Structures are given as structure tokens and as C-alpha cells.
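So the sequences go chain by chain: S and L.
Each step along the first sequence adds one to the number in the numbering used here, with nothing skipped, and position 32 is 32.
Each step along the second sequence adds one to the number in the numbering used here, with nothing skipped, and position 88 is 88.
Just so you know, not all the hints are guaranteed correct.
As the list claims (entries may be wrong) - For lysine-lysine, the following BS3-like pairs were computed, each having C-alpha atoms within a straight-line distance of at most 30 Å:
(1) L:K106 / S:K6
(2) L:K170 / S:K6
(3) S:K232 / L:K254
(4) L:K170 / S:K104
(5) S:K6 / L:K108
(6) S:K103 / L:K285
(7) S:K232 / L:K108
(8) L:K133 / S:K254
(9) S:K103 / L:K108
Claimed, not checked - Here are a few chain S residues that face chain L, going by a calculated C-beta distance under 8 Å:
(10) I88
(11) L90
(12) L110
(13) P113
(14) I127
(15) P131
(16) V147
(17) M148
(18) S151
(19) P243
Treat the hints as calculated values from the structure; they're not laboratory data.
Fair warning: this is a prediction, and the values are worked out from it, not measured in the lab.
Each residue gets a CB set at the ideal place from its N, CA and C atoms; glycine is no exception.
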Amino acid sequence: MEYFKKHYFLYLMLSPALILTLIFKYGPMYGAIIAFKDFSPIRGILGSEWVGLYNFEKFLSSPNFEVIFMNTLKLSFFGLILSFPVPILLALMLNQVRRAGVKKNIQLFLYAPNFISVVVVVGMLFIFLSPTGPINQLFSWITGEPVMFMSRPEYFRWIYILSDIWTGAGWASIIYVAALANVDPELHNAANLDGANLLQRIRHIDLPTIRPIMAIVFILAAGGIMSIGFEKAYLMQTATNLPTSEIIPTYVYKIGLQSGDYAYSAAVGLFNSIINVILLLTVNFTVKKLNEGEGLY
Amino acid sequence: MFVKHSRLDRFMLALNAAFLTLAVLIVILPLIYVVIASFMDPSVLLSQGISFRISDWSTEGYKMILTNPAMLRGFANAVFYASAFAVLTVMVSVCAGYALSDDRLKGKGFFMTLFLFTMFFGGGLVPTYLLVKNLGLLDTVWAVIIPGAVNVWNIILSRTFFKGVPNELKEASNVDGASEMRIFFSIVLPLSKPIIFVLALYAFVGQWNSYFDAMIYLDNPNLHPLQLVLRSILIQNQVDPGMISDQLAAAEMKRLSEIIKYAAIVVSSLPLIIMYPFFQKYFEKGVMVGSIK
Chain S
1 MEYFKKHYFL YLMLSPALIL TLIFKYGPMY GAIIAFKDFS PIRGILGSEW
51 VGLYNFEKFL SSPNFEVIFM NTLKLSFFGL ILSFPVPILL ALMLNQVRRA
101 GVKKNIQLFL YAPNFISVVV VVGMLFIFLS PTGPINQLFS WITGEPVMFM
151 SRPEYFRWIY ILSDIWTGAG WASIIYVAAL ANVDPELHNA ANLDGANLLQ
201 RIRHIDLPTI RPIMAIVFIL AAGGIMSIGF EKAYLMQTAT NLPTSEIIPT
251 YVYKIGLQSG DYAYSAAVGL FNSIINVILL LTVNFTVKKL NEGEGLY
Chain L
1 MFVKHSRLDR FMLALNAAFL TLAVLIVILP LIYVVIASFM DPSVLLSQGI
51 SFRISDWSTE GYKMILTNPA MLRGFANAVF YASAFAVLTV MVSVCAGYAL
101 SDDRLKGKGF FMTLFLFTMF FGGGLVPTYL LVKNLGLLDT VWAVIIPGAV
151 NVWNIILSRT FFKGVPNELK EASNVDGASE MRIFFSIVLP LSKPIIFVLA
201 LYAFVGQWNS YFDAMIYLDN PNLHPLQLVL RSILIQNQVD PGMISDQLAA
251 AEMKRLSEII KYAAIVVSSL PLIIMYPFFQ KYFEKGVMVG SIK
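Chain L on its own, in the form it takes in the complex (with noise of 0.2 Å):
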């Protein structure tokens, strides 16, 4: 592509793909780490740590894991939380962001600062965790699901897609006597794809990922998601006695915890890694998208 490199050119590039070379393990050893760990035999581990002959492996962490019914409950209701979040939020701001695109509703300046202060300010946790209880919203799955779900960065995500659908097309379905709804789920709505993935796949990973508001909303451990029974095994290192048969001495219990919780790992990040590489491109695109002011 250039013309030449100097010399000193050469050895800057080679300096560089060095460091990005480092940055790449920096990130993934840890990563290759936690799945090699989690084959391993339980017993072999604690002795001796990572090793690489073939009778030492075992997936008897996996079993556990897989066996658990508080993970597998936690399993179904991040499943659960995580696709009604998404529905719900992808609804809600695309309504509004189509809304707000137009020109001519009425009121519009007033509305987006509305929303957007409150991306700055707060009332604070204890006075939306006392609106929550006052709603009667404690220890059902809606606390979980519906104070989160307008997010002003989405509904300016979608502001900005709509307004680069072009007027003339609603313009000329109106002149055919095609009325506001019908131009929006027809016309509209089938051109919106994108943004709808887009967002859905954002609401997904974020809900799946969370913990703070099913912690401080729900006590029912039937409806905890899978973070929070994470956090018990991973942290509190409460690894449920049920799990393990209750004759097994403590010893076992020590010998087998340090495993349980490499595959905790492993099965709690595989949906998303695997879907990962494939969303690789929509998850750019909406880091973009939402860089355009």
C-alpha cells in the first residue's frame, strides 16, 4: 500500500503486531485457563493444578453443574428475563424513537429533555427500590423486567435510524389514504429490522448479564436468575449441599467446590461466546449507530 518503509517503519510494525500479540493473550489466556481447568480431574487440580495428561480429566464438574436444580431453574429464568426484557424494550423505544423522528409532532424538544435528563440524574436507589415495593412490584418477576425497560440511549438509537427512513415514503403511502398506524406496522416496521435486532440483542446480553436488580427485588430463590446463583457458587462459595450427596465428608465437598465453579463458568459465558462470533458485526453496528449524536 505505501510506497516503502524505512527502516525504522519496519521495526515500529514489527514492535506492534509484538504488543497487539500480548494484548491477545493478555485476554484469552485467562479464558483458555477456566476451560482446561474445568476438565480437569477435581483431585488432580487442587494437587497439583493444570495438567495436560489425558487420565486426568474428567467432567465431573459439568455433571454437578448440569445436575444442580438451582442452576438449571436459574438457567430458565435468565432465558425468561432476558427475552421479555428485550421485547419489552425493543417496543417501547421503538415507539417512542419513531415518534420522536417525526417533525411533526408537536413538543418534541420538550420531550427528548425529559428523557435525556434523566440519563444524568437520579433519584437514587433507596427512594426506586421504596417506588418499586410501593407498586407492589417486590418479589415478582416484573421488578425485574419493567422499571429498566426505557432506556434513553435506545430510544435515541432508534430516534436516529428513523430519521434516516425517508419521508417521501410515508408521504406517498398517505396520498394513497393509508392512515399513521398502517404506514407504521406496513411500511415502516418491515424496514426496521436491523434496529430492532440491534437492540434486542443489547437488551439480551445486558439482561442476561445482570444481577443487582433480581438481588435487591427478589427474595424467592425460585425466581433468582442464573447470575445470582452464580454469585452464591462463584463468591459466597456457598456451593449447595444438595448438590453433593449429603454422606460425602467436607473434604469432598473442598475437593469438588474449586471444579463446580469452573463450570459454573464455562456453562454460565457459553450461550453468549457462541452466539458471540456470529453478532459479531450487529453488536459494532450499535456501538456506531448510538456514536452519532
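Next up, chain S with everything else stripped away, as it sits in the complex (with noise of 0.2 Å):
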């Protein structure tokens, strides 16, 4: 009680956050209950009758099941695998600008895409992608009719990810720059009097200065596999490229809150949920064995 009266403004000022957390973080998750439920929002969430994991087994039984869950997975995963490389390679090649102003303007540009919102980027790709659009009149004059990018559901995959790329690239790759400025001159130096082409001191000193950043950047990303962006695919969706561009996140915002089946939505909500912490428990555990037990925890 003493302690508590001499250092109560230390609650006092941690409160805020507390309470918030507890309601709009934890109350969700006592929320969740409901995907074991039939629920009723007039019984509420105590009230509903339990179901075991009924809301589970139709959605691993349901047809949609294996198309969403694949387009989840696709998705991110060449997603990572397409965009990881990118930002590293960004910072080597801005690495070696020595002119400190055209490095900062070069950063300025790349830097730029980043803070576009998702809509206008979405809107872009519709405009750009149009039949009409700028890049079919190129692919016009070269196959003679235009693409239809935006509603084929073979394109859609290149067209989130390669714009996903141009919107973020130059953004993720500030982190690794910073990184490459702390490398001692001098070890370059030396490495060149011994005679060590650009290629080697790249490999040689840059990139193990980086190598763990790299890891714990793709711990990160690896973990949210499973929780790629709603707010992009579901603004690219259109009525025909859905074959590929379903993904869990759309389903369940689709058959939650545009439906209803507030009970199967949650569950299938959960489901994603629980993969993603464990994708992220296993690339973790991975990633701090092959990199000399740098991992995130």
C-alpha cells in the first residue's frame, strides 16, 4: 500500500493504454468464444448455445475451403519471396551513390510511393490497367488488342504483388541503408588494397553487417504470412478475377459482416489466426538455428 501511494502516477499514467487494451484487444478475444457457439446476438455471447468445433469442420469441409486457403498461402508466400530481396538490394546499390545529396534525393523518390494510400494505389491499377489504360495502349501497339488485367484471374497475383513492391520497396529498404552507413570505411578500404573486387566487399562486409536484420525483418514478415492485407485484395477484387483473389480475410469480412454468419466468420477468422502464430513460432525457431540463435525471442 505504501509503494502504491508513492507511485501511483506510474499507474495512473499506464491506465489509459491498459483499459484500452484490455477492451478493443482482449475483448475481441473473449469474443472469439463465439466461433465454438451458434450464435445468437439476441441470446449474446454467454447465452448461445456451444457447438464444439461445428464452425471449424464446416469450413475445412466447405468447397471454398482449399481454393481460399491456397490463394491465402500463394499469395503471401511469393509475396515474401518476391519482395524480400528487393529492399536489400536497394540499400546495397544506394550504398555504393557516394555523393551524399544524390543519395538523399534518390531516397526521396524511392521513398515516395509509400505514403499513397492503398485506395489510390487500387485505383491506379485500375486506371493504368484499363483496356484504355496507358499500359494496354504499349501492349496494343505489340499484340494488337488490349489486356484484361484487373478481371483475369491469372494476373492477379503479379499485379498485388509487383505493386506491393513499387508501393513498399524503397520504404523497407531505409532500414538497411541505415545499417550499411555504421560499416567501418576502412574495412573497405583495406579489403580494395587487397586487392577484393566491389562484388566480394559487397559480400564480404555488407551483407554480413546486415545478415541479422535481415533475419529478424524476415521472422517478421514470415509470421504475418497469414495476415496479408484485407484492404488491398479486397479492393482489387472484381466479380471475375475471384478464383485467385478470395482470401481469407476477404471471406471472412464477406460472410461476417456482409451475411452475417457472425459464428462462422469468427471461426474461420480464428483458424487464420492460429496458423499465422504458429507459422511465426516455426520460422522463428528456424531462422534462430541456421542464423547462430539470432532469432526474435
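Make the complex out of the two chains shown on their own, each in a separate frame, by following the hints.
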């Protein structure tokens, strides 16, 4: 009591964040038990009947399951594989620019798309890739007829991933650029004297410097593999690209908030979160093994 | 800097410069295209694409956008949401970060775990929606501002910052008889401008660009932020009929809808694009502080 009287101020400072977290983060975790119930909004969370794993079985045995699950995995897996190296390459290239002013300006341009909203990015995609848009004007010269990029399922993943790289790669390179700036120039000079060429110096000096950061960025990205953005995929969906663009988050939104099937939707969402946590732990464990004990935890 | 560059090195550096130039072009050409297109005469743009004749230029798209009530209301709403959200987030995270940086706080590990856990696991969309609904926040501005106000990352960021504030400063004032509250408000807070600024900037930009919470929580179009208005113009192709006077034919609507889209993109992105070069170093600082565990 004496202690609390003396330090109540610290707890007072902590309380807004604590209360908001308990309500808006832990509240929904409690609410997620409707996934195990036949939820009726009238009877409430506690009053509804338990149905065990019924909603999960319903999802796993539904004909949609395999398609949606694989769409989610493929979109994020290919996204991770394709976008992970780009910021690293950009940083290594930027690091070779000797004049600070030039480097700053290049960075200014490369970071800019990060500040464009997802609505505008997708809006630009629709405009640029429309049958009469600028990209198709180029294509028409070559192939003679426009390509229906946004409505064809086979292009969805490419458009999604490449536009993600366009938006985020420059920004994602910041962290590597900063790490590379800490490399002692003497190391490069010495290696140069010993006859190491540029590529060898990058391989033996620059890359080892950023390896720990690469590991952390990779773990975080891989851990988020199932939680890829609802926001962009939903905006990019058209009636005809659904065979590849329907992913778990958009499905959860549609069945939950649009069709009102709350319990089933909550179960699908929970399934997604659990896979995500498992992935995060697995990747962290694996990278830790490979990376001499350097993991996230 | 280097003693000498071999021929291979010089070749590699030239290649490097070429690739970087290419990367910059890939990034900015689409943006330049949008800006030029937004100033085109709608009929010329539709029939022949971008042209560089002065007579083909027009500001018709901007007139449409800047006189469109939905767009203006969205703009005003976005300013309000982004500012209010930034203020709330900063207050909550700075206070929590300060408390968690103090070694005298008992149960620190427990509280940190409580916060960190929510970074990796959540209840999901539907339970969150039901909660907001049950709290009576649906269709109120609070639904957009409050649920996202606690951000674990921001708490970590400010905790890291406050750990860097020398303890002696606090102790000295303590000896002088200042209360805890006084120490925070008159000594620590004035030192915290950098972290407050960085967090506010991030929160503002994030909220300005987001549409999802508003989409699920707000039915009333009068409350819609800019991004939702943009979504109906850019993606759902719903150019507000009020935007174009009723007598005009559908063909005119189609003619103008393209140019309206380009102008809408420019107008909505302009505030951030203008402020971004000035604040670039703060944004970078935010990323750097965040990367320190």
C-alpha cells in the first residue's frame, strides 16, 4: 500500500493504454469464443449454445476451403519471396552512391509511393491497367489487342505483388541503408588494397553486416504470412478475378459483416490467426537455428 | 575515397547507377503520368491520351473535384479523424511508454507481455466489430478513433525514447521536492518533443490513408473520410451524379469520369506529398527508433 501511494502516478500513466488494450484487444479475444457457439445476437455471447468445433469443421469441409486457403498461402508466400530481396538490393545499390546529396534525392523519390494510400494505389492500377489505359496502349502496339488485366484471375497475384513492391520496397530499404552506413569505410579500403573487387566487398563486408536485420525482417514478414492485407485484396477484387483473389480475410469480411454469419466468420478468422501464430513460431525457431541463435525471441 | 577502382569496379558502379536510375523512373513515372493526365482536356485524354500541346490542357477535373460536396466533406472529415487520432494515440502511448520505462513500476514484465501478445494474436474482425457495436460506437466518429488508439509499436517506441532520458534528471528534481506529476510535465515532457512529433506524424499519415475502419463502422455518408469517397470515385466508378449537372448525357459523364479520377488522386495525395520532403528525416527517425529492440 505504501508503495502504491508513492508510485500511483506511474500506474495512472499506464492505465489509459491498459484499459484500451483490455477492452479493444482482449475484448475481441473473449468475443472470439462465438466461433465455438451457435451465436445468436439476441442471446449474447454467454447465452448462445456451445457447438464445439462445428464451425471449424464447416469451413474445413466446405468446397471453398481449399481454394481460399491456397489463395491466401500463395499470395503471401510468393509475395514474401519476391518482395523480400528487393529492399536489400536497393540498399546495397544506394550504399554505393558516394555523393550524399544524390543519395538523399534518390531516397526521396524511392520512398514517396509509401505515402500514397491503398485506395489511390488500387485506383491507379484500375486506371493504368484498364483496356484503354496507358499500359494497354503499349500492349496494343505489340499484341494488337488490350489485355483485361484486372478481371483475369491469372494476373491478380502478379499485379498485387508487383504493386506492393512498387509501393513499399523503397521504404523498406531504409533500415538496411542505415545499417550499411555504420560499416567502417576502413574495412572497404583495406579489402580494396587486398585486391577485393566491388562484388567481393559487398559479399564479405556489407552482407554480413545486415544479416541480423535480414533475419528479423524475414521472421516478421513470414510470421505475417496469413495476415496479408485485407485492404488491398478487397479493393482489387472484381467479379471475375475471384478464383485467385478471394483470400481468408476477404472471405471473413464477406460472410461475417456482409452476410451476418458471425459465428462461422469468427471461426474462419480464428483459424487464420492460429495458423499465423504457428507460422511465426516455426519461422522464428528455424531462423534461430540457421542464424547462430539470433532470432526474434 | 578508395585508393583505386579496378575496371571491373568501375563497370559495376556504372551498372549500379543505371539500375538505380531505372528504379527511380519506375517509381515516379506513374506519378508524373497521373499529374499530367489530371491537367488534360477530358476529350483529348479520352481520344488520344496524353498530349503536350498547351491548348489541350484544362483544369476541368479540378473544378469538378473541388466543388464536389462529398469530396470536400471527406477532406474535412479526414483532417478531423487524422488529427484527433494522432492526439489520442500520442497521449496514450507516451504516457504508457513513460510508465513502462520507469524501473520503479512493479509488474513491468507482466504489462509488457500483455501488450506484446496482442501484436501476434487478435480476436479477429467479427468479434471486434461486435464489440464496437455493443459499445454503441457504430456510426459515431469514436469508432474510427478509439479502437486503434493503442498501438503496441508506439508504446515500445516511446519506452525506448524515455529510457534514454537520464535518470539523474528525475532524481535531482525529486530531491528538490517536485512531485512525480510535476517531473513528468515540466521536465520530461519538454524533452520529448522528438518522439511526440514522430508518433504524431505516423499516426496522422496512417489515419489519413486508411479506409477500412470507416467502411465497416460508418454507414452515414456525412461521416465518411476522404478515402471512402475516393474509393467510390476510383474503384466503384461512382461519380456522384450531383457532380455533373443532370441535363448532361451519359456520354458526358463518361468523358468526365476519367479526368475526375486523375484529379481526385492528385488532390487527395497532395497534402502528404507536399509535407513529406520536409518531414522525411523524422519519418526515417521513426523507423530507426522502432528497429531498436
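Hints, one by one, checked against the model:
{"no.": "1", "hint": "L:K106 / S:K6", "verdict": "12 Å, holds"}
{"no.": "2", "hint": "L:K170 / S:K6", "verdict": "15 Å, holds"}
{"no.": "3", "hint": "S:K232 / L:K254", "verdict": "26 Å, holds"}
{"no.": "4", "hint": "L:K170 / S:K104", "verdict": "38 Å, violated"}
{"no.": "5", "hint": "S:K6 / L:K108", "verdict": "17 Å, holds"}
{"no.": "6", "hint": "S:K103 / L:K285", "verdict": "17 Å, holds"}
{"no.": "7", "hint": "S:K232 / L:K108", "verdict": "37 Å, violated"}
{"no.": "8", "hint": "L:K133 / S:K254", "verdict": "17 Å, holds"}
{"no.": "9", "hint": "S:K103 / L:K108", "verdict": "42 Å, violated"}
{"no.": "10", "hint": "I88", "verdict": "13 Å, violated"}
{"no.": "11", "hint": "L90", "verdict": "7 Å, holds"}
{"no.": "12", "hint": "L110", "verdict": "6 Å, holds"}
{"no.": "13", "hint": "P113", "verdict": "6 Å, holds"}
{"no.": "14", "hint": "I127", "verdict": "6 Å, holds"}
{"no.": "15", "hint": "P131", "verdict": "13 Å, violated"}
{"no.": "16", "hint": "V147", "verdict": "17 Å, violated"}
{"no.": "17", "hint": "M148", "verdict": "16 Å, violated"}
{"no.": "18", "hint": "S151", "verdict": "13 Å, violated"}
{"no.": "19", "hint": "P243", "verdict": "20 Å, violated"}
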